[in-house]
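With the sequences and hints as input, model every part of the structure.
According to the UniProt record's numbering, the sequence shown is numbered sequentially starting from 1.
Worth flagging that the hints you see were computed from the coordinates, not collected in a lab. Just so you know, not all the hints are guaranteed correct.
[Claimed, not checked] Label-pair distances were calculated between CB atoms; the ranges are:
| id | residue 1 | residue 2 | range |
| --- | --- | --- | --- |
| 1 | P3 | A39 | 36 to 44 Å |
| 2 | A23 | K59 | 25 to 33 Å |
| 3 | F5 | W37 | 30 to 38 Å |
| 4 | T57 | A33 | 31 to 39 Å |
| 5 | F20 | R49 | 37 to 45 Å |
| 6 | I27 | Y4 | 19 to 27 Å |
| 7 | T28 | Q51 | 30 to 38 Å |
Yeah, the Cβ is synthetic: ideal placement off N, Cα and C, and Gly gets one too.
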Amino acid sequence: MKPYFSNVSDFVQMGGHGAFVWACYSITFVVIAVLIWHAISERTSTIVRLQRQANTTKKTDRLTNKQRKELGTGAPR
1 MKPYFSNVSD FVQMGGHGAF VWACYSITFV VIAVLIWHAI SERTSTIVRL QRQANTTKKT
61 DRLTNKQRKE LGTGAPR
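Structural data, given as structure tokens:
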């Protein structure tokens with residue numbers, strides 16, 4: 001049984017279609033890499049935004065409790 005590609009040069013050229021094949025592989029790799037990067041970036045951004053929102057909510061709750069004490073309205077509901 002004879003292999004289809006007898007050397008590395010034949011494998012790279014792929015019978016004259018190598019440029020198209022390797023271009024498709026390259027484009028696919030780049031698109032997948034960008035999608036992975038974007039997903040990680042969005043996840044990180046969402047986590048940071050939620051942490052900021054939680055901290056803002058805690059500060060608002062403290063301010064509200066302080067105001068209630070000053071007004072003498074009792075414990076928060």
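Now the hints, each set against the structure:
A hinted range of 36 to 44 Å holds for the C-beta pair P3 and A39, which are about 39 Å apart. At about 54 Å, the CB distance of A23 to K59 disagrees with the hint of 25 to 33 Å. At about 33 Å, the CB distance of F5 to W37 agrees with the hint of 30 to 38 Å. Range check, T57 to A33: about 36 Å between beta-carbon atoms, so the 31 to 39 Å window is met.
Between F20 and R49 the Cβ separation comes to about 43 Å, which falls inside the hinted range of 37 to 45 Å. Checked against the hint of 19 to 27 Å, the C-beta distance between I27 and Y4 comes to roughly 24 Å, which is consistent with it. For T28 and Q51, the hinted distance range of 30 to 38 Å is satisfied, since their beta carbons lie about 35 Å from each other.
When the structure is compared with the earlier hints, a violation turns up for hint 2 alone.
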